[in-house]
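Asks: Here are the chains, one letter per residue:
Protein chains: 2
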Amino acid sequence: MEGNGGFRALNDKSLVDYIKSTPLLVSILGNQVEDLDIKEVGDGNLNFVYIVVGSAGSMVVKQALPYIRCIGESWPMTKERAYFEAVTLKEHGRFCPAHVPEVYHFDRTMSLIAMRYLKPPHIILRKGLIAGIEYPLLAEHISDYMAKTLFHTSLLYHSTTDHRRAVAEFCGNVELCRLTEQVVFSDPYKISQYNRWTSPELDGDAEAVRQDDTLKLEVAKLKAMFCERAQALVHGDLHTGSIMVTLDSTQVIDPEFAFYGPMGFDIGAFLGNLILAFFSQDGHADQANRESYKKWILGTIADTWNLFQKKFTSLWNEHKDGDGEAYLAAIYNSPSLLLLAQTNYMKDLFHDSLGFGAAKMIRRIVGVAHVEDFESIVDAKKRASCERRALEFAKKLLKERHAYHTIDQVISIIHEFNQ
Amino acid sequence: MEGNGGFRALNDKSLVDYIKSTPLLVSILGNQVEDLDIKEVGDGNLNFVYIVVGSAGSMVVKQALPYIRCIGESWPMTKERAYFEAVTLKEHGRFCPAHVPEVYHFDRTMSLIAMRYLKPPHIILRKGLIAGIEYPLLAEHISDYMAKTLFHTSLLYHSTTDHRRAVAEFCGNVELCRLTEQVVFSDPYKISQYNRWTSPELDGDAEAVRQDDTLKLEVAKLKAMFCERAQALVHGDLHTGSIMVTLDSTQVIDPEFAFYGPMGFDIGAFLGNLILAFFSQDGHADQANRESYKKWILGTIADTWNLFQKKFTSLWNEHKDGDGEAYLAAIYNSPSLLLLAQTNYMKDLFHDSLGFGAAKMIRRIVGVAHVEDFESIVDAKKRASCERRALEFAKKLLKERHAYHTIDQVISIIHEFNQ
Ligand SMILES: Nc1ncnc2c1ncn2[C@@H]1O[C@H](COP(=O)(O)OP(=O)(O)O)[C@@H](O)[C@H]1O
Ligand SMILES: Nc1ncnc2c1ncn2[C@@H]1O[C@H](COP(=O)(O)OP(=O)(O)O)[C@@H](O)[C@H]1O
Ligand SMILES: [Mg+2]
Ligand SMILES: [Mg+2]
Ligand SMILES: [Mg+2]
Ligand SMILES: [Mg+2]
Ligand SMILES: [Mg+2]
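Protein sequences appear in the order of chains R and S.
For the record, in the first sequence the residue sitting at position 37 is 37 according to UniProt numbering, with numbers rising by one throughout.
For the record, in the second sequence the residue sitting at position 417 is 417 according to UniProt numbering, with numbers rising by one throughout.
You may find that some hints are simply not true.
Treat identical chains as interchangeable: a pair holds within one or across any two.
Claimed, not checked - Quick list of in silico lysine to any residue cross-link-like pairs, SDA-like style, CA-CA up to 25 Å:
1) K221 to L339
2) K39 to Q211
3) K320 to E372
4) K347 to W75
5) K310 to S58
6) K90 to E372
7) K310 to G30
8) K399 to L338
9) K221 to T343
10) K399 to T343
11) K399 to D323
12) K221 to H402
13) K119 to G72
Hints in this document: simulated from the structure, not taken from any laboratory.
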């Protein structure tokens with residue numbers, strides 16, 4: 001099958017030929033490419049992912065096709081997203097190699113990325129959360145990832161020259177941004193053929209979202225921030241399905257939605273998905289009592305924000321005399337003034353994160369794409385009850401986020417909605 | 001003199017040859033190019049501007065050189081600014097032809113724009129304000145210009161696809177943005193070789209600006225918004241020296257600083273410069289009593305904002321079912337909800353405008369580039385007294401802008417500082 005401009009959609013067979021004709025990939029496989037074991041594992045929504053295992057090496061090959069996999073050719077989507085994913089893996093990997101898989105090879109024509117295979121026991125974090133597994137290092141690792149990637153791609157580290165150049169490049173990933181605009185900030189708040197929810201249980205709840213003027217006004221502000229504000233190179237899809245974990249490793253994959261946007265979009269995605277995991281636990285509680293696991297999730301939420309804040313601020317202090325142009329050392333020239341600037345910055349970022357986190361929660365309950373945390377609760381009544389509590393919490397958080405000053409206050413409210 | 005890549009700096013003589021070899025320009029001059037009268041009038045800071053008058057037609061030719069004219073080759077500045085100026089004149093002219101001179105010709109290699117000659121009695125607005133001339137249509141016209149140009153280049157009118165494409169292009173004007181970042185948001189708040197002020201009178205005042213932590217924290221927020229927020233295609237230098245007027249015409253020139261930035265940056269530049277004009281009037285009061293003129297300025301400030309708000313909102317209503325993606329009609333689907341959205345939007349824009357306006361005032365008093373309104377007050381004591389009142393007002397406005405809800409409240413405070 002000949003694609004346009006040299007592009008061909010690969011399959012298990014043609015991928016072998018592709019690998020054999022690409023010396024770098026052959027060498028990564030230790031020059032042993034005769035008995036390759038190839039498995040397509042794309043459980044994601046958009047792309048094809050192949051695990052390639054040979055006798056002397058392994059890798060993962062991800063290919064983007066010019067449409068959305070889980071919907072089909074009827075929803076076209078530029079395969080150039082692979083380019084932005086590759087650039088972001090490399091850029092984020094440069095600043096945080098411990099938590100981003102290494103990119104071995106990128107082929108723009110083929111929209112194909114070869115990267116490190118995150119071997120078992122790595123699993124997708126969301127699955128671990130559903131199984132009730134505690135990851136003691138998760139907050140430490142993910143706060144590290146977020147602090148390093150967001151700080152180093154912001155104006156606290158970049159000159160405005162570097163920043164605008166990078167912003168311009170990532171404007172090219174507009175199709176993926178538009179998908180987010182639609183499914184996160186628009187569809188849940190209107191009638192849309194794509195929306196779905198646990199029905200009939202949540203019919204009234206979905207309708208209430210569409211009728212909630214205060215909520216819609218707040219969502220408009222977040223959407224504007226998403227579309228207008230180039231604060232840092234964000235991952236753009238940092239939910240618990242974009243993170244692979246073991247008990248001592250945390251790896252962030254799948255940044256195909258990356259662009260220069262508000263930092264709170266990433267932080268909120270992660271925290272919001274942990275909160276979804278929290279509210280889903282009662283639906284999984286027949287296997288085991290989940291109370292202590294719920295505590296661990298809440299602790300991880302608190303630790304993530306608190307550690308992020310600490311690490312981000314440390315990076316700022318470390319680089320305060322560097323090239324970053326947002327706060328020139330000659331102006332913010334006393335420790336007390338710098339501290340005030342940091343406090344202001346963190347306060348705004350906290351509120352942004354809560355807002356985006358809440359919006360991401362809402363869309364997972366009444367929008368097109370749901371989360372396995374809830375979907376795997378077979379009993380619809382039980383599922384609806386979990387979802388409703390998450391939704392009510394998220395609505396309150398979105399509307400009242402500016403009233404919260406610490407993550408502990410947010411956690412108290414989660415407790416309230418957990419009754 | 002051969003420049004790089006075909007660029008040559010023109011002079012009165014070589015400009016004639018350039019015109020003669022450019023058929024379009026010849027035709028604009030009615031094919032009469034033998035007795036051209038050429039006068040270089042670049043009173044601006046950056047570029048060379050030639051008025052070309054023939055027996056059957058006229059034009060203005062503006063050329064950017066690869067440095068800042070008023071400083072010299074020691075401060076290089078990309079001549080590509082002419083490209084962004086030309087694109088913006090055309091784009092703004094498309095939406096507001098009544099208040100933007102027509103571009104006849106643009107030569108990117110030569111960084112040269114030929115445009116309509118704004119004939120006498122057109123003068124630079126700032127000079128009219130110094131002379132105490134009332135322009136009864138100014139608020140009407142400039143509110144029209146700002147509403148039309150800002151609305152039509154925002155996400156209220158653009159799809160996000162068009163918006164990101166345009167944002168990416170204007171990221172290229174980063175050198176000019178950097179100049180603003182330096183002279184507006186940084187230098188006044190630190191020791192800089194470029195800063196100057198009426199000395200010794202304002203030595204303490206300049207020092208106080210550098211020591212004012214609250215002010216510096218607020219300026220950081222504005223700088224971040226300037227660098228990160230691509231809200232609309234702003235003129236970028238909309239002071240009263242970038243506007244030419246007669247009693248019945250208002251024309252906006254010189255958008256070489258244009259980029260996708262916060263709308264409040266333009267609105268604030270205009271309002272802030274009118275406020276500077278207001279505070280300078282007492283320095284010109286020996287020629288005539290300026291009390292009624294000061295009233296007119298304040299009335300123009302109020303009218304400009306109020307008319308802008310009305311016109312911008314009308315455009316929004318008119319296009320609410322159009323391609324703009326910020327507020328989808330299916331979501332913001334009741335008149336009362338839309339009105340609330342507009343009220344929120346205008347409130348934020350008002351505060352942004354006051355903040356940027358104040359920052360622009362401050363930098364004109366203690367930064368590198370001053371305004372003729374004050375500079376033309378010969379008596380240093382008198383000048384310093386005018387400047388000090390303007391500076392104190394601006395500092396208060398920058399710090400407390402969120403406390404104001406109407407332009408009339410701002411005007412009351414101006415009155416207070418006028419005592
Ligand atoms: N580097 C990797 N190592 C191991 N498994 C991976 C790797 N990258 C992706 N996967 C697996 O493939 C799945 C889909 O990958 P992902 O990048 O999320 O694709 P999509 O963009 O389609 O969501 C992941 O959920 C994970 O199970
Ligand atoms: N289209 C025009 N018609 C008449 N005079 C103009 C025109 N454009 C510029 N000028 C004159 O030239 C001066 C400098 O032009 P401007 O575009 O402001 O240049 P600069 O970028 O150097 O500030 C203006 O102040 C005005 O007096
Ligand atoms: Mg994925
Ligand atoms: Mg993906
Ligand atoms: Mg000028
Ligand atoms: Mg100028
Ligand atoms: Mg200029």
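Asks: Hint by hint, say whether it matches the structure.
Replies: Status of the hints after comparison with the structure:
no.	hint	verdict
1	K221 to L339	between (28 Å within a copy, 15 Å between copies)
2	K39 to Q211	neither (46 Å within a copy, 64 Å between copies)
3	K320 to E372	neither (42 Å within a copy, 37 Å between copies)
4	K347 to W75	neither (39 Å within a copy, 39 Å between copies)
5	K310 to S58	neither (37 Å within a copy, 64 Å between copies)
6	K90 to E372	neither (29 Å within a copy, 51 Å between copies)
7	K310 to G30	neither (42 Å within a copy, 69 Å between copies)
8	K399 to L338	between (30 Å within a copy, 18 Å between copies)
9	K221 to T343	both (22 Å within a copy, 13 Å between copies)
10	K399 to T343	both (22 Å within a copy, 17 Å between copies)
11	K399 to D323	neither (37 Å within a copy, 27 Å between copies)
12	K221 to H402	both (13 Å within a copy, 17 Å between copies)
13	K119 to G72	neither (29 Å within a copy, 61 Å between copies)
Checked against the numbered hints given earlier, this structure breaks hints 2, 3, 4, 5, 6, 7, 11 and 13; the rest are met.
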